[in-house]
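The residues making up each chain are set out below.
2 protein chains.
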Amino acid sequence: MFERLGLIGCGLMGGSFALALRRAGLVRHIAGFSASPSTTQRALELGVIDTQAGSAAEAAAGADLVLVAVPVAATETTFAAIGATLGADTLLMDVGSTKRDVVAAAERALGGALPCFVPAHPIAGKERAGVDHADAALYQGRHVILTPMATSGASQLAKAQAVWTALGARLVEMTPAAHDTTFAAVSHLPHLVAFAFIDGIARQPDGQAILALGGPGFRDFTRIAAADPRMWRDIFLANRQELLAQLRAHQQALAQFEQQIVAGDGAALEQLIAQASGIRAAWHMDSFKPGT
Amino acid sequence: MFERLGLIGCGLMGGSFALALRRAGLVRHIAGFSASPSTTQRALELGVIDTQAGSAAEAAAGADLVLVAVPVAATETTFAAIGATLGADTLLMDVGSTKRDVVAAAERALGGALPCFVPAHPIAGKERAGVDHADAALYQGRHVILTPMATSGASQLAKAQAVWTALGARLVEMTPAAHDTTFAAVSHLPHLVAFAFIDGIARQPDGQAILALGGPGFRDFTRIAAADPRMWRDIFLANRQELLAQLRAHQQALAQFEQQIVAGDGAALEQLIAQASGIRAAWHMDSFKPGT
Numbered sequence: 001m002f003e004r005l006g007l008i009g010c011g012l013m014g015g016s017f018a019l020a021l022r023r024a025g026l027v028r029h030i031a032g033f034s035a036s037p038s039t040t041q042r043a044l045e046l047g048v049i050d051t052q053a054g055s056a057a058e059a060a061a062g063a064d065l066v067l068v069a070v071p072v073a074a075t076e077t078t079f080a081a082i083g084a085t086l087g088a089d090t091l092l093m094d095v096g097s098t099k100r101d102v103v104a105a106a107e108r109a110l111g112g113a114l115p116c117f118v119p120a121h122p123i124a125g126k127e128r129a130g131v132d133h134a135d136a137a138l139y140q141g142r143h144v145i146l147t148p149m150a151t152s153g154a155s156q157l158a159k160a161q162a163v164w165t166a167l168g169a170r171l172v173e174m175t176p177a178a179h180d181t182t183f184a185a186v187s188h189l190p191h192l193v194a195f196a197f198i199d200g201i202a203r204q205p206d207g208q209a210i211l212a213l214g215g216p217g218f219r220d221f222t223r224i225a226a227a228d229p230r231m232w233r234d235i236f237l238a239n240r241q242e243l244l245a246q247l248r249a250h251q252q253a254l255a256q257f258e259q260q261i262v263a264g265d266g267a268a269l270e271q272l273i274a275q276a277s278g279i280r281a282a283w284h285m286d287s288f289k290p291g292t
Numbered sequence: 001m002f003e004r005l006g007l008i009g010c011g012l013m014g015g016s017f018a019l020a021l022r023r024a025g026l027v028r029h030i031a032g033f034s035a036s037p038s039t040t041q042r043a044l045e046l047g048v049i050d051t052q053a054g055s056a057a058e059a060a061a062g063a064d065l066v067l068v069a070v071p072v073a074a075t076e077t078t079f080a081a082i083g084a085t086l087g088a089d090t091l092l093m094d095v096g097s098t099k100r101d102v103v104a105a106a107e108r109a110l111g112g113a114l115p116c117f118v119p120a121h122p123i124a125g126k127e128r129a130g131v132d133h134a135d136a137a138l139y140q141g142r143h144v145i146l147t148p149m150a151t152s153g154a155s156q157l158a159k160a161q162a163v164w165t166a167l168g169a170r171l172v173e174m175t176p177a178a179h180d181t182t183f184a185a186v187s188h189l190p191h192l193v194a195f196a197f198i199d200g201i202a203r204q205p206d207g208q209a210i211l212a213l214g215g216p217g218f219r220d221f222t223r224i225a226a227a228d229p230r231m232w233r234d235i236f237l238a239n240r241q242e243l244l245a246q247l248r249a250h251q252q253a254l255a256q257f258e259q260q261i262v263a264g265d266g267a268a269l270e271q272l273i274a275q276a277s278g279i280r281a282a283w284h285m286d287s288f289k290p291g292t
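Heads up: the sequence lines are chains A and B, in that order.
Residues 1 to 292 in full-length UniProt numbering are what the first sequence lists, from first letter to last.
Residues 1 to 292 in full-length UniProt numbering are what the second sequence lists, from first letter to last.
No false leads were slipped in.
Each computed SDA-like pair below joins lysine to any residue, with the alpha-carbon atoms no more than 25 Å apart:
no. : chain 1 : residue 1 : chain 2 : residue 2
1   : B       : Lys126    : A       : Ala281
2   : B       : Lys126    : A       : Asp220
3   : B       : Lys126    : A       : Gln271
4   : B       : Lys126    : A       : His284
5   : A       : Lys126    : A       : Gln41
6   : A       : Lys159    : A       : Asp50
7   : B       : Lys126    : A       : Arg219
8   : A       : Lys126    : B       : Arg223
9   : A       : Lys126    : B       : Gln275
10  : B       : Lys126    : B       : Phe288
11  : A       : Lys159    : A       : Ala24
12  : B       : Lys126    : A       : Gly278
13  : B       : Lys126    : A       : Arg223
14  : B       : Lys159    : B       : Arg28
15  : A       : Lys126    : B       : Asp286
16  : B       : Lys126    : A       : Met285
17  : B       : Lys159    : B       : Asp89
18  : A       : Lys126    : B       : Ala274
19  : A       : Lys126    : B       : Glu270
20  : A       : Lys126    : A       : Asp286
21  : A       : Lys126    : B       : Arg219
22  : A       : Lys159    : A       : Ala80
Bear in mind the hints are in silico, worked out from the structure with no lab data behind them.
Given only the sequences and the hints, what does the whole structure look like? Please build it.
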């Protein structure tokens, strides 16, 4: 389907996309670039890419598919570096966890190449980042959110839909704003809460001894608190408006629980818990149906 | 080691204890009682118990080991029902998630049998409760907290230590107060936060559609929100003082994150995240060392 993938950012997300595309027989050649030369070198050694590009622009030049899989904060610089090299039919996608900021960056930096761009966010990841953990099956069966812009080319959108579908992903389309609200709620806020939860215990005098007694519930609840600090700093700041709105909704729910505990109102407390418990017991991952 | 186990409450925790004790060859006969006759009947069918007792007192009579594995709120009634039947050398334990309330209940209800009682809290469980999920390996390698009372008999304490050790558990001794602080932090607060998190999203206009897009991080972070409403209502109320103190510490940590996000202070935000991330990345379950 594609002659040449220009992969900018050869980490877990980008590397997994390259491996999946190759395994599906959908690309002839993969040129890769990472800001860190050792990452690009390692991607070559692992067979994730075929050739090392010396810059983002060099990776993008002549490619009919370009994937930008860099930290959110580096997106605009990358767009500015590659905009002039993109062909009219090239499909450009990102994999960022926030979308309104990426759309704004594209509008500022891509110039005449704006029709090439279809913003994408695959809902997939691993606890351990880096190209060494890249996995051709990472996107299999997982949601991929596309937030097409009014400027996105029709052929680019069709190709974006086709390529993710061919990789076994489940496509969901929404506006950048709806995306940012949704993931502020189900991803960014849980990370914020998990970080704050650990910090709130750690600063207590017996914090270390207390943490050492966490069991299986603690383990799962806090797993995401081990995530990368710079990545999450950038996500929190990039989506701060929606994140703060979700945080306020959560704080209100917490205050409601607190109020019933202080009042010793067992019936009201049980009702609050039962609502959450019923919803969570019925929840299944990857169950989104368009229109729900 | 024991002639007769009186098992009061034949659910997941009690049933698993019975199976483990039997597998280790540490008991000759197990008499069981549950408030629900169908549970006692099922425990008999599954070979968890040898005979059905008609009441808690009947299960405890003549037993040299009695395990009370009932909901926290039913502990005092159970103690009152069995106190007079306990022999001087009998070991009585519970498995409750809170300890100061259980100690107070024992002091009020056990009378002359108080020396029999060694409060216990095994840090183990499963997502699905009930005797059908009882598992002889549930306590293998897991922490069991003992909070001996000044009144606990020396021989009872020695037997309690010996039996959990023989089942492969890792013993930790602490005061009831230290226990309740610790588990308010690492168990009760995470449940409260997870419940409130789900409720806070569910009440939003698009709550259901938002929840449907949760990924692996959401799945793990919210797993404990599917827990049993009555059990957690009782735990929250039984340990409310410590839980509210931990909630306040958490709310302060959340407010600190909020402040840095509002200020757009990336360096301070990264530092808060890095502290949590470093602690959680180094954390391992069942790593408690006495004296840490």
